[in-house]
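Number of protein chains: 4
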Amino acid sequence: MNASPAPINLFEFEALAKERLPKSEYDYIAGGATDEISVERNRRAYESWALRPRVLRDVSALDLSTTVLGTKVNVPVLIAPCGGHKKAHPEGEVATYRAAAARGTIMAVSANSNSSFEELANAATGHLWLQLYPFRDRGLTKSWLDRAKGAGYDAICVTLDSQWPPKRERNIRNNYRRIRGVNYSKPGAEAVHAPRPAGSEGGSDPAATWKDLEWIKSQTALPVVAKGIMTGEDVDLCAEIGADAVIVSNHGGRHLDNTLATVEVLAEAVAAAKGKLEVLLDGGIRRGADVVKALALGAKAVFIGRPLFWGLAVDGEQGVVRVLDILREEIEITMAKCGRPTIGSIDATVLVKAPRL
Amino acid sequence: MNASPAPINLFEFEALAKERLPKSEYDYIAGGATDEISVERNRRAYESWALRPRVLRDVSALDLSTTVLGTKVNVPVLIAPCGGHKKAHPEGEVATYRAAAARGTIMAVSANSNSSFEELANAATGHLWLQLYPFRDRGLTKSWLDRAKGAGYDAICVTLDSQWPPKRERNIRNNYRRIRGVNYSKPGAEAVHAPRPAGSEGGSDPAATWKDLEWIKSQTALPVVAKGIMTGEDVDLCAEIGADAVIVSNHGGRHLDNTLATVEVLAEAVAAAKGKLEVLLDGGIRRGADVVKALALGAKAVFIGRPLFWGLAVDGEQGVVRVLDILREEIEITMAKCGRPTIGSIDATVLVKAPRL
Amino acid sequence: MNASPAPINLFEFEALAKERLPKSEYDYIAGGATDEISVERNRRAYESWALRPRVLRDVSALDLSTTVLGTKVNVPVLIAPCGGHKKAHPEGEVATYRAAAARGTIMAVSANSNSSFEELANAATGHLWLQLYPFRDRGLTKSWLDRAKGAGYDAICVTLDSQWPPKRERNIRNNYRRIRGVNYSKPGAEAVHAPRPAGSEGGSDPAATWKDLEWIKSQTALPVVAKGIMTGEDVDLCAEIGADAVIVSNHGGRHLDNTLATVEVLAEAVAAAKGKLEVLLDGGIRRGADVVKALALGAKAVFIGRPLFWGLAVDGEQGVVRVLDILREEIEITMAKCGRPTIGSIDATVLVKAPRL
Amino acid sequence: MNASPAPINLFEFEALAKERLPKSEYDYIAGGATDEISVERNRRAYESWALRPRVLRDVSALDLSTTVLGTKVNVPVLIAPCGGHKKAHPEGEVATYRAAAARGTIMAVSANSNSSFEELANAATGHLWLQLYPFRDRGLTKSWLDRAKGAGYDAICVTLDSQWPPKRERNIRNNYRRIRGVNYSKPGAEAVHAPRPAGSEGGSDPAATWKDLEWIKSQTALPVVAKGIMTGEDVDLCAEIGADAVIVSNHGGRHLDNTLATVEVLAEAVAAAKGKLEVLLDGGIRRGADVVKALALGAKAVFIGRPLFWGLAVDGEQGVVRVLDILREEIEITMAKCGRPTIGSIDATVLVKAPRL
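Quick note, the sequences are listed as chains F, S, U and B, same order.
1 is the number of the first residue of the first sequence in our numbering; add one for each residue after it.
1 is the number of the first residue of the second sequence in our numbering; add one for each residue after it.
1 is the number of the first residue of the third sequence in our numbering; add one for each residue after it.
1 is the number of the first residue of the fourth sequence in our numbering; add one for each residue after it.
Don't take every hint at face value.
[To be verified] When the alpha-carbon atoms are kept at most 30 Å apart in a straight line, the in silico DSBU-like pairs for lysine-lysine are as follows:
#1 23(U) with 18(B)
#2 353(F) with 353(B)
#3 353(F) with 353(U)
#4 274(S) with 353(U)
#5 353(U) with 353(S)
#6 18(S) with 23(F)
#7 353(S) with 353(F)
Rather than coming from a laboratory, the hints here were simulated on the basis of the structure.
In isolation and in its complexed conformation, chain F is listed as follows (with noise of 0.2 Å):
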């Protein structure tokens, strides 16, 4: 690190980031789709609850553990699926990786990653999950399916909000080119997997349908996670095909613009799991009032995408440590200060609506 003061929160993280990262990397981790209103909105929409104090109730002994999909996590915070950590850090991945066992939690490895899942597997004693699309090509998802397995990792997380590529302007202003990551099985394999119109991240077949989730479920012993669900009808579906987990997330604002936040549609997915599948939840996390914010509204657990490519662009593996640390720190004092001393105690009763000033 230079001789900046350390970054206290994660903006200072973000505003560090933004000068040691080349501009066009910044813009495609920051930006968004279209207008970017749906960036703007997953942030700003914490906003709209407040947090209620409470005093007196012994917090002493607060404990962040609690559990995703049976695997015990220290903090209620894991790694989103995002690919290239590469262009953040030369150690890519594998940092990230380190940094998600040192703290307790889980790492979910994108399609797109700048390591193979194998390598990933090896770097650490932690928990990976894997993401993948329903690719065109059934042979290629079953392949990494058994990969997967194979390598350890302990659920399959499979995005859904991608079947069609989406228009990031920073990006086409930036004439931005993305290095497709090295887990497909043959060079130009993403020409294959594309999605119409060609060229377009992801490789997600378009013609997708309810009827593919179900199949990835009946190919993996592996539990299934259903990225992308922003609605209660979802998640229903989801419930239907016997999916494992939801993450309610509209992929950072980068795929549809003028969606609501992710923690405003939370509630409504809460609602509609009835408690047959675990409910998480990213988009906008940037402080631990965000997480308990969530967590209150039903959320098992958070993600957090952008503010691991600032800690990698700031410090590598230990600047994911810290902002997960700096995270810990302030979930506990939001714990602590509404008398919640466990997850377990983090209700609905934490909050009340805030109505805008």
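Dock chains S, U and B against the given chain F, drawing on the hints supplied.
Same frame as chain F, now just chains S, U and B:
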């Protein structure tokens, strides 16, 4: 085109057009009545609805075509009747019409067009509507109805919100003088047909009543579209006199300020229409998502006005084509991400009110 | 006038007046109590209602005349009782009254006018009201009531919101000293009638109660207008003691800050009036649309205060005429576009609440 | 004082204090937890209620006196317990207390005062409360209760919102080090009583429960005031253990961010109190109107915190006197203009919700 990068969205088209047009022309196009509150509101109101993404619904074959008054269009975006396209490009309405025809949509030709109705009808093979006012002189109205029929126009669009001249302060400050169009039957006709006070645009009769619209309907075999409707009551009255469609419009905020946005009154208009007439909309359409929102609220299609001038100013016919193509691409993304492969599948469940944060 | 372009709306009148007036005089006119929240709110509240355009209703012959306490006015905009017009123009109230008379409206003359009631009555042939306070000295009050009657005034306007001096911070900072008006019976009268603490404006008795207003009503044959009413309860009490009209007013935000806008409490006042007395309004009127909104909510007419000073500062009598003419033109547009040819046809259906976007 | 004009409101006091104080001290006083959302909200929330002016109610003899826990105060504004007044003026708490006594109000003395409780008690003839925490060491607590009684204090104020250290980012950036107060029994006592993690302010026991507050109540004959209450549930619990009053407080936004404003939860607290205990409030009081609003919502009196430091920084004892006098003058105006001559006449009808415009 010069060396500026090609605009990638309609806002960039506007910025580039603003550079290229004389200030008074840009202001004439951009401006609205008095404080321009309605101009701004037309735009911002779209943000008060959020889109609800849906997944796994086979969006591999999107179909954006629909029909408007029985005419098939390839995209639910029509060209609004705006006077004087030559202020933005020497080819004027001819360029616009060629673009509309090339992209399979309808152009409504303004009473104040710079090319005559007949010249335009010969410029391309597409679909044209003729816009007029309830003139004081029914003979003039009748002659135009006959000219429209003779020239192969598909419909008559009667603008109803211009019975009294507006106060457009940019034009007053710029001492802006509009050139009257070429369609009037004799030199000085506009003086005859000017509303009170004299000299205002449009030539609409301030004494006109519903009887006049009923008379117009009786004088033509073409469908009659009532433009400038902002209340359920007036939709009712349109239905009563047998109009075939209404355009929910506040004239782009150019006639009466302090109205709601058109998209805000759309649901009221659709409810009042009870399926008896088609409901169209103009006002503030700048993104494909806006189009999908209007359709979800019950519009059969929408119109663009100011953006056609931006397209013309930037690159003539090709500029208008590009404007339409950008909207098409954005509509496609929105439909795909919301799991709506056809225009018919866009319904109210696509939307949810987005509280102001 | 100098070479500045003639102002085309009241905001431009204000800007020009600000250039021409000494800062302390401009500030005295523009300023309000403490944080000036009510000054701003008076203005912005109009935006919380939208107009509902209507079409095809024969607006060829607009009639803006109405009656106020039986007096016919040509436009529903009256001149509020504001002290010291000479601060804006050497002709002071005489110029204002001539403008009001020329345009067929009523002028309410302030207790603190720079011309005596009698001098004004001789300056033109129009309609005048006399404004006073419930003075400590009933003899003074009685003598003014008699003077008003003798000079041919049409009504007595009793200002009720000034029983305690306000805190106007601009004036404190500017060390502003108001010149007491010429109407008081003897030098130093203002000291006798000053409220507690001494030296404040107005001379209103802080101990006054409804009995005092009842007494005033009993002492004059002229109609009595209660000014400064902001609640339904006080409208009730006005009706009980037989007042003929109320002016819903927060004194332009100049006495108590943190109130609602006058237009926001208008409906409450109108409901309480139950038709027993006329309801008038001042506060924030800057556009013709504001006037129409107030009328739609039940006001019989409205007053302008600050704009008369801007008119005076810009061009004396002709400036005030122009201010009134601008409002008339804007009222005409609004009436025509909403399909309301007469003042009587302006009702609640002209409006709809406009949600903040 | 220097040549700056004397501040005429509390905002000007703040601006002048900011000029005079070292940045780190100003920041310590001004700052709050994390994003300082609650600091800002405490202030802005007052604007969400409007005052309802009333007229003709005899306001010639205003009486601002009331009682708090049986003690008569001349004005319903008390001095909040804030540590270390010497950071703003060399005379510290002594100056503040003299000002409070001069103006007939109560001063709550912080556990972290720069003058000992006993020294303060001798500095003037007024009313003092002693503030403490539920310390880990009940012996320390007991000794302070006895000292308070011995020194003639009127009440015990137990701060309950400080069981966990806050995150105040200004202080972190400024590397701010607070000097521990003089009241602790032995050098290093603060280490013994520090919460987890060590080194934080306050010495409050994170393991404390309602039993501890009940025990405090049992150990003193003085009234016990619970400070830092933000929910109806905790008011209930305070009533249950026999507390005499609560202070609705979020510690000026200095402990947990993202809460509602104190004035927003006041009604909930008052409802829960059911008249069994007095409800007081601190947070964001800057204008007399704020005081009247809080009283109208059911507070018996309010506290000022930051403004006392501004008063001290500007002019020591006389600065605090002036701060209190400004508030008194503004309360008088508000009471007079709302027709409320006594504190007891201020009820809920003074207020109406002010929709955000």
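Here's how the hints hold up against the structure:
1. 23(U) with 18(B): holds (28 Å)
2. 353(F) with 353(B): holds (17 Å)
3. 353(F) with 353(U): holds (24 Å)
4. 274(S) with 353(U): Cα-Cα ~24 Å, so holds.
5. 353(U) with 353(S): Holds. Residue 353(U) to residue 353(S) sits at ~17 Å (cutoff 30 Å).
6. 18(S) with 23(F): holds (28 Å)
7. 353(S) with 353(F): Roughly 17 Å separates the two Cα atoms, so the pair holds.
The structure is consistent with each of the numbered hints, conforming to all of them.
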